[in-house]
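Novice: Each chain, written out:
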Amino acid sequence: MSKTLFQKIWEKHLVKTIPDGPDVIYIDKHFIHEVTSPQAFSGIEKRGLSFFRPKKTVATADHNVPTINQHLPIKEELSRIQVQKLVDNCKNHHVELYGLGHPFQGIVHIIGPELGITQPGMTIVCGDSHTSTHGAFGSVAFGIGTSEVEMVFATQCILQNRPKVMRINIEGTLHKGVVSKDIILYIISKVSASGATGHFVEYAGSAIRSLSMEARMTICNMSIEMGARGGMIAPDETTFEYMKNRLFAPKDDEWEKAMIQWKKLYSDKDAVFDKEIHINATEIEPMITYGTNPGLGITINAHVPTIESIADEGERKNIEHALKYMGLQPGQLLKGMPVQNVFIGSCTNARIEDLRLVASIIKGKTKNKNVKVMIVPGSQQVAAQLKAEGLDVIFNEAGFQIRQAGCSACLGMNEDKVPAGEYCISTSNRNFEGRQGAGSRTLLASPLTAAAAAITGVVTDVRDFLN
Amino acid sequence: MKALKHIQSTFIPLPDDNVDTDQIIPARFLKSTSRDGFGKNLFRDWRYFNNDEAHPKIDFILNKPEYKGSVLVAGKNFGCGSSREHAAWALLDYGFNVVVSSFFADIFKNNALNNGVLPVQVSDDFLQKIFSLKNGSTLSIDLESQTITIDTTGEKENFDINHYKKTCLLNGYDDIDYLISIKNDIINFEKTLA
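Which chain is which? The protein sequence lines are A and B, in order.
Just so you know, we're using this note's numbering here: the first sequence kicks off at 364 and counts up by one.
Just so you know, we're using this note's numbering here: the second sequence kicks off at 225 and counts up by one.
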């Protein structure tokens, strides 16, 4: 019988199905971080359970860490305690930790792939909704809650209802100035912030095939922003090329054996999806969001919708509320609007290719004097690569602040925050109210669009820079 | 986990759609290493100006003392965004045992169920009917019969929950208890993966 890529992996990891209940799924790789794991550790301890398969869990500190002076003790007490708790828990339960000061430390969804821990065909979970990032390698990867983290600690399994499957096909060639972030913001603007709920999404088509692994990760990363349980892309030569020689990737004979399995990871020709969407790549232009969920996106030259243009009463209310929070007028053009902050970072867009894109736009230029620009590499390895390539010189000369690895202003958990009422063009994944700090106003966009705004100080069509 | 069978309560209406978990509990309150005490920060930035408890936003529903109850009724796509289970802990700690909406985000739904907070999904029409009720009206939620009833009119709707989860909630069992009970199956399964 024809199967989708998702079905192939799910069924291989199916321990059992509970009648009129969820499936028991075996987890190959579990990533943890300091924020959503402490209660899971104390949970198994309270129950007197041992950590079942500690070698299948990898930890890092990312959400709550400062991005300056990481060699010093963390100033803020609660953050310091939480990060220390992770260190203690990992030591007590024999879990590998790439903590602060370790050369592999970084945002959990950036270090997994770059170290070759993330591999095709795996089931991967993490107490973080952006775990879908790892699906770019053809794995079934999704975010879980802390109770589920505890289940994996105790049994290496979780209970999950089997999601439906959706395929989004993007065919054709992208316009100049359009990158993977624009693709996913475009998709979410079409599907809405809840349109893929209950589904696992496979991204396919020639436009997806043409993307690098890092660009594919950006797309899978934001699957949750349309409600999807996860996103995935079938592995191909691009995937294998990226994987080869990564630290924890299989070597020699093991590599050959793995390749035999990995090459079977695709949706069969006649596989049936619960829903399919077709998009022509040429429809897609540089995107920006104007509202307070990632589905409220428009092309860079478009006007914010007028209230009258929205048919659905509920949606009209939502948008009115969002525009009020954002300090925007219905029908307004965003292009040309001043911004006070640019944030380049997060598990969505803090890989070396993202930083190269930024450098390509700003080289030899200086940031606008009214804009604060923060660039936060996704990992220590990305930070080292940035220096090796001399991108740090370009960023420093432009007046950008280069920080140390962490989640930073994506969620404003540490001290990196956008002040209330100010606008921030951000390469991150969420524009929720207060996401980047209480009262912050986030405009999600690609690294190219963010870079252009850093130079001009206003919302800018990056294509004006390219010509 | 506490068992949950039948609840009759007044409710608190929050008719906004797409209430994300960053609103339910902002990230800066996720620094605790325990599961307790999140209720005081539930909807923190919707409740207070400048994070100041001395300056409540009096129009926000949780700041209106005449609205009370253990049932929260919210607009569609409740709990979208971050996977933080702290959102479910905050709702429970504040005193909510049931959340009613016409649509829930997946991860939130799992997290709620794993903490004995019952997500009750109703039709858009039924949701609007609840929103139009006078304050002080009560709702009855019965897990055994999977029904939610507007007590004043007797109108009721069935809601979905799978048999496994229903049994867990009725008895206060959780998934870890179940997984531990099948540990031998898991060990045998591992051998097939190698």
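No wet-lab data here; the hints were simulated from the structure.
C-beta atoms are modelled at their ideal positions from N, C-alpha and C, and glycine is treated no differently.
Treat the hints with caution; some may be incorrect.
[Said to hold, decoys possible] In silico lysine-lysine, DSSO-like type, Cα no more than 27 Å apart, as pairs:
# : chain 1 : residue 1 : chain 2 : residue 2
1 : A       : K379      : B       : K358
2 : B       : K358      : A       : K680
3 : A       : K638      : A       : K553
[What the hints assert, rightly or not] If we take Cβ atoms under 7 Å as the criterion, some of the chain B residues that face chain A in the derived model are:
#  : residue
4  : D244
5  : R259
6  : S306
7  : S307
8  : I331
9  : N335
10 : E381
11 : D384
12 : I385
13 : L394
14 : N395
15 : G396
16 : S405
17 : N408
18 : F413
19 : T416
Novice: Would you check whether N395 of chain B satisfies its interface hint, that is, whether its CB is within less than 7 Å of any CB in chain A?
Specialist: N395 of chain B check fails; min Cβ-Cβ to chain A is 14 Å, beyond 7 Å.
Novice: Given a cut of 7 Å on the nearest C-beta pair, is the interface hint for S307 of chain B held or broken against chain A?
Specialist: holds, 4 Å
Novice: Checking hints one by one. Is T416 of chain B an interface residue toward chain A, by the C-beta closer than 7 Å rule?
Specialist: For T416 of chain B, the interface hint is violated, since the closest Cβ of chain A sits about 9 Å away, which is over 7 Å.
Novice: Please check whether E381 of chain B passes as an interface residue: C-beta within 7 Å of a C-beta belonging to chain A.
Specialist: At 19 Å from the nearest chain A Cβ, E381 of chain B fails the 7 Å test, so the hint is violated.
Novice: Min Cβ distance, L394 of chain B to chain A: is it shorter than 7 Å?
Specialist: violated, 14 Å
Novice: For the restraint on I331 of chain B, tell me whether the closest CB of chain A is nearer than 7 Å.
Specialist: holds, 6 Å
Novice: The hint names N408 of chain B as touching chain A; please verify it with the least Cβ-Cβ distance against 7 Å.
Specialist: It is violated, given that the least Cβ distance between N408 of chain B and chain A is near 11 Å, above 7 Å.
Novice: For the pair supplied as a hint, K358 of chain B and K680 of chain A, is the alpha-carbon distance within the 27 Å limit?
Specialist: It holds: about 22 Å lies between the C-alpha atoms, which stays within 27 Å.
Novice: Under 7 Å, Cβ to Cβ, is where R259 of chain B needs to be relative to chain A, so tell me if that hint holds or is violated.
Specialist: Given a least distance of 5 Å, the restraint on R259 of chain B holds.
Novice: Double-check N335 of chain B for me: the hint is only fine if its C-beta lies closer than 7 Å to a C-beta in chain A.
Specialist: holds, 4 Å
Novice: Does the nearest C-beta of chain A fall within a distance shorter than 7 Å of the C-beta of D384 of chain B?
Specialist: violated, 11 Å
Novice: Can we keep the G396 of chain B interface hint, with Cβ of chain A closer than 7 Å?
Specialist: violated, 14 Å
The structure fails to meet hints 1, 10, 11, 12, 13, 14, 15, 16, 17 and 19 from the earlier list, while all remaining hints are met.
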